[in-house]
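Asker: My request is simple: use the sequences and hints to build the entire structure.
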Amino acid sequence: MPISTQIDKIDAYDKVLGKAKYASDFYMEGMLVGALLRSTRPHAHIKRIDVSKAYSLEGVVRIIQAKDIPGENSFGIIRKDQPLLCDKKVRFIGDPILIVLAVTEKVAKEALRLIEVEYEDIEPILTPSDSERSPILIHESGNLLTHKKVIKGNVEKGFSESDIIVENTYITTWLDHAYIETESGFGYMDGNGRIVIYSSTQNVHYKRKEISRILALPEEKIRVVQATTGGGFGGKLDMTIEGYVALSVYLTGKPILIRYSREESFLVSTKRHPLYIHYTTGAKKNGTLCAVKVSIIGDTGPYASYGETVCLRAAIHATGPYEVENVYVDSKMFYTNNPISGAMRGFGVPQIAFAHETQMDILAESLNLDPLYIRMKNGLKRGSKTATSQILEESVGYLETLERIKPFWLERKKGKDRGFGLGSMFYGMGNTGITNPSWAELKLSSDGKVVLYTGVCDIGQGSDTVLAQIVCETLGIDVSKIEIVRADTDYTKDAGSTSASRQTYISGKAAYEAALKLRSFLEREGFYSGKKLKDIFEKYKDMGMPVFDGFFDPPTTKLDPETSSGKPYATYAFATHMTEVAVDSSTGYVKVLKVHAAHDVGKAINIQNVKGQIYGGIAMGIGFALMEEFVPGKTKSFNTYYIPTSLDMPEVDVFIVESEEPTGPFGAKGVGEPALIPSAASIANAIYDATGVRIFELPCDMEKLKLLLERKRERG
Amino acid sequence: MKMEKIRFFLNGKDVETEIEEGEILLHTLRERFRITSVKEGCSIGECGACTVLIENRPFYSCLTLSSKVRNRNVKTVEFLGREGLHPIQESFIRHGAVQCGYCTPGMLLSAYSLLLRNKTPTVEEVKKAISGNLCRCTGYVQIVDAIIDASSKITERMDDQQIPDRGCLSKDEILNLLASTENSLIIAGGTDLLISLREKKDAKKFIDVTSCKELKGIEKGVGKIFIGATTTHTEISESQILLNKANSLRMASESVGSPQIRNMGTIGGNIVNGSPAADTVPALLIHDARCILESKDGKRLLPLENFIFAPYRTRIERGELLLGVEIDELDGFEEGYVKVAKREALAISRVSFAYAIKEKDGFFEELRLAIGSVTPSPFRARKFEERLRGKERDKRIVEEACSILFEEIRRLSGDRPSYRYKFPVLRDLITSRLGR
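So the protein lines, in turn, are chains A and B.
Heads up: the first sequence is residues 1 to 716, going by this note's numbering.
Heads up: the second sequence is residues 1001 to 1436, going by this note's numbering.
Check before you lean on any hint, since a few could be wrong.
Claimed, not checked - No more than 25 Å apart at the CA atoms, straight line, and that leaves these computed lysine to any residue pairs for SDA-like:
| no. | chain 1 | residue 1 | chain 2 | residue 2 |
| --- | --- | --- | --- | --- |
| 1 | A | Lys416 | B | Leu1412 |
| 2 | B | Lys1200 | A | Val107 |
| 3 | B | Lys1395 | A | Leu708 |
| 4 | A | Lys106 | B | Lys1204 |
| 5 | B | Lys1395 | B | Phe1423 |
| 6 | A | Lys539 | A | Leu516 |
| 7 | A | Lys254 | B | Ile1195 |
| 8 | A | Lys53 | B | Lys1200 |
| 9 | B | Lys1216 | B | Arg1313 |
| 10 | A | Lys19 | B | Gly1081 |
| 11 | A | Lys21 | B | Glu1078 |
| 12 | A | Lys106 | B | Ile1195 |
| 13 | A | Lys106 | B | Lys1200 |
| 14 | A | Lys21 | B | Gly1012 |
| 15 | A | Lys254 | B | His1027 |
| 16 | B | Lys1204 | A | Arg113 |
| 17 | A | Lys712 | B | Glu1400 |
| 18 | B | Lys1213 | B | Ser1170 |
| 19 | A | Lys481 | A | Tyr491 |
| 20 | A | Lys106 | B | Asn1183 |
| 21 | A | Lys88 | A | Glu58 |
| 22 | B | Lys1204 | A | Glu58 |
| 23 | A | Lys591 | B | Ile1148 |
| 24 | A | Lys541 | A | Lys567 |
| 25 | B | Lys1205 | B | Ile1019 |
| 26 | B | Lys1395 | A | Gly415 |
| 27 | A | Lys416 | B | Arg1396 |
| 28 | B | Lys1200 | A | Lys21 |
| 29 | A | Lys109 | B | Phe1033 |
| 30 | A | Lys21 | B | Ile1148 |
| 31 | A | Lys539 | A | Gly448 |
| 32 | B | Lys1358 | B | Arg1313 |
| 33 | A | Lys285 | A | Asn154 |
| 34 | B | Lys1005 | B | Asn1183 |
| 35 | A | Lys594 | A | Leu410 |
| 36 | A | Lys712 | B | Pro1417 |
Quick caveat, the hints were computed from the structure, so don't treat them as lab data.
Answerer: Next comes the structure, spelled out in structure tokens:
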């Protein structure tokens, strides 16, 4: 059967042969290459821009400024507060000011050097606390982007009933997605004067909407197609190059290529939000959690991007996968003149998981309880009430993830400078407390195949394959019988973004619904009693081949504006990692030796893909825990931003828990972000186990850990 | 822009193209041959997406001058797929080793190169072979599985065909060019030089010394060893002579960057670049290395200790060429090179040191120690050596002597905030390596 058995990834063939076309691989005769001039100041008024010298450089074709934008000079997924090109004010180092189009990339970049910009500096705001207090406003609307609360029960009462209260502050920093393909896009004007964009993206329909606003063109005049995309992790959700490519095509009529250099990608791509988390937990002697009070303060940078989502999602997940009677979470995001923070795998939850999992271990130690036991005791199960007072009715596999880890946990043997740590998480599938639908369509083709039209962007995670498996399983056909038309606004309907671990669950369900309709049609047409698809197609081709569509929008509710009570997500994924580390006490270097990773995915449609996500998530978790740190002004490229190499990866054993979700396709939920979330937390706990040093700030790189070890040594 | 013609073998085909002065192989392949499987990911030799094979060894094409491949065999992933799927490509598909796919062509080439040389690699060998290719999606696990699985299915062998004559420059020709060319610049591996020149637009006239046979190779003399300037880190890592007589140097070269960097980077480049973190320099220092320099005016020998005198600054004169280094063999010594870095590959050292110990009856008969990445240039810790000579090889005694070492360091570079980290690390590592 197509699901749960080994199916080769559909996209892999072209990729191993080197034939897959990424946006920067496109080429057209007469193509111009664009480069962006970017602000060198964190906060300033633009007084004057002089492009005359650049125009005189041979090969420069056009310089585009804000005044050339026919429509709105703004974009943003939630709030349209980001200018496409700055003309009055710049708000961070890297803010785009103009586009140079030239015959080659080299000429375009040389031209950038010849442009003079006169600034009048404004005092930059570089921390959330300065942002809160400063009279200087980054946007007229004020420096507070958003403020969310999650309230359940009475937290003060909960603390008064507690035998023990643990209170700590956790700090995380900026991280970069560090996809190996930088942001790239290619565009041209077709014979009908329509603008066609091929881009490296996680969502085509959203990009079309933004382009339509910027160019003041109806959406029908714009086509956005996903080029093969070299990784996303949230960084290609916002508009990156699309607006610049589209504007350039619109103004020149020429084919345009824009590709960020690695330095540019590091400078301007959205980052993981640095969060300051103040976390207080109250519990009974027996380990029962009584109260959790959390304050989250985030630095969202100069523009909103996904700051509001991260603010709310971190708050909703602040308790971790535990049932707590009394909860009070206060979460704020402030604008600053630092890099833009946005969506990155987990939307704030990896940060908060680091906090709640460390709290759990501290509690366990203080109460002389086993860390696994205390998680088991408080873990969410069927019937539990979450912090948003949602009753979990189905598919709650958290305790089972613990059960799967338990034998290894009980048998762990600690060597010198070795340690073991647990990390657990829960994660809501899909967007938070809002509608987030997906559509899919199926047709038959003349060569006797089923064609799936889906707006889902496969960014490497394998949605093409998974959707194909779901359709084929439903129809009872072989995977060789399906073709996919993917992520093209001309041919596919909106499937929403490839984000929030939602595509298998939501778009998979939409594809399933479409397949059910096609199935009953095929039943009527005698396919299951031997008639060929080709013949069925022949029969209908003159009267018009019917289209079978599927739709799914997970059942969620709006959240209460004061308490966030409600059903933010229809279902949740759960996971537990147990990580073993070795610490070199001479250097502070931590080597991750082994990870046992148990994940409740509802149903593994493609086991190999699920594993691939988990392995990749662990790699990213190692980076988050031990080495990745974006330092504004210092981090320029891969030589100053270390991500794990093959030699940094441990051995991993994956345990798949399948607590089926009735609303998902064949019971499936998602795994993309859950794969990463518990990783760093489990590493931090393992470091404590090995050294007796608690980690409150990530990354815990070797230098930080060595200094902590030294301090401990000095104290004796 | 001056153009020049080059001819080379691309995926087995004899090809010819015009290139600009200083053109990079990555751009030649992508723009002149439209081979877009060679990806640009960082342009500074860190990510490996641009990996190609030259004589079946992986190179970063973003840091390879196109002129370097004249008369040589260059392979891209199209070579693997020339007759349908190659077993290793098939294995990548089968094992789910491909996610976004951007690193895949480079990864396949690094893997293929390994399997040509080693049909039964261990997991560690596979991980090491692909450690110069970053992947952000897969966590490498399924890639490693795929390579191990494919290893038994590959029948090809490393081409033992003679590497064609590349139209070599002789040493004298280089010296003439150096003397007569304005704005000329010697280039060897290019792994540092091309990065530093990336943002500079004034065209340099590169003199590629890697084609000169007189500058290459490791030769054993009486009590000493000559290492030609363009000997690569890979060649040093694989040298039997050095394994026996200068193992710290071999270990240092083995710790450099990644397989690609080790195939490209040379010992001469490592020295002349003058980085405080140069891996080979501490090892060379404990072997009392002498730099052999030549210009049209003649030859001179300069102790390496005096050659690098400040970060990225050496005593090489205009018109001078580093022919190589001469080092003393260390017989009966226990040697080591220790590198402290934030990850296992592709890392610049934060602290490094090379040591050699001759022990007699539990005492230090002789001891040598050189430290890298701590002072403006790597240095030989002579006061520390002196203090321990003749002393008992004991942890406490070594640890006590570290205060002398720290004094030496402070004398060279004052106090630095980073010493809060580096001194305790040096203390602990030196004590555990040198002490008993």
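Asker: Taking the hints in turn, state whether each one holds.
Answerer: Status of the hints after comparison with the structure:
no. : hint                   : in the structure
1   : A:Lys416 to B:Leu1412  : 37 Å, violated
2   : B:Lys1200 to A:Val107  : 13 Å, holds
3   : B:Lys1395 to A:Leu708  : 23 Å, holds
4   : A:Lys106 to B:Lys1204  : 16 Å, holds
5   : B:Lys1395 to B:Phe1423 : 16 Å, holds
6   : A:Lys539 to A:Leu516   : 21 Å, holds
7   : A:Lys254 to B:Ile1195  : 32 Å, violated
8   : A:Lys53 to B:Lys1200   : 19 Å, holds
9   : B:Lys1216 to B:Arg1313 : 24 Å, holds
10  : A:Lys19 to B:Gly1081   : 10 Å, holds
11  : A:Lys21 to B:Glu1078   : 14 Å, holds
12  : A:Lys106 to B:Ile1195  : 16 Å, holds
13  : A:Lys106 to B:Lys1200  : 12 Å, holds
14  : A:Lys21 to B:Gly1012   : 24 Å, holds
15  : A:Lys254 to B:His1027  : 23 Å, holds
16  : B:Lys1204 to A:Arg113  : 20 Å, holds
17  : A:Lys712 to B:Glu1400  : 21 Å, holds
18  : B:Lys1213 to B:Ser1170 : 7 Å, holds
19  : A:Lys481 to A:Tyr491   : 20 Å, holds
20  : A:Lys106 to B:Asn1183  : 22 Å, holds
21  : A:Lys88 to A:Glu58     : 29 Å, violated
22  : B:Lys1204 to A:Glu58   : 21 Å, holds
23  : A:Lys591 to B:Ile1148  : 23 Å, holds
24  : A:Lys541 to A:Lys567   : 45 Å, violated
25  : B:Lys1205 to B:Ile1019 : 14 Å, holds
26  : B:Lys1395 to A:Gly415  : 23 Å, holds
27  : A:Lys416 to B:Arg1396  : 21 Å, holds
28  : B:Lys1200 to A:Lys21   : 31 Å, violated
29  : A:Lys109 to B:Phe1033  : 23 Å, holds
30  : A:Lys21 to B:Ile1148   : 28 Å, violated
31  : A:Lys539 to A:Gly448   : 12 Å, holds
32  : B:Lys1358 to B:Arg1313 : 33 Å, violated
33  : A:Lys285 to A:Asn154   : 20 Å, holds
34  : B:Lys1005 to B:Asn1183 : 21 Å, holds
35  : A:Lys594 to A:Leu410   : 15 Å, holds
36  : A:Lys712 to B:Pro1417  : 19 Å, holds
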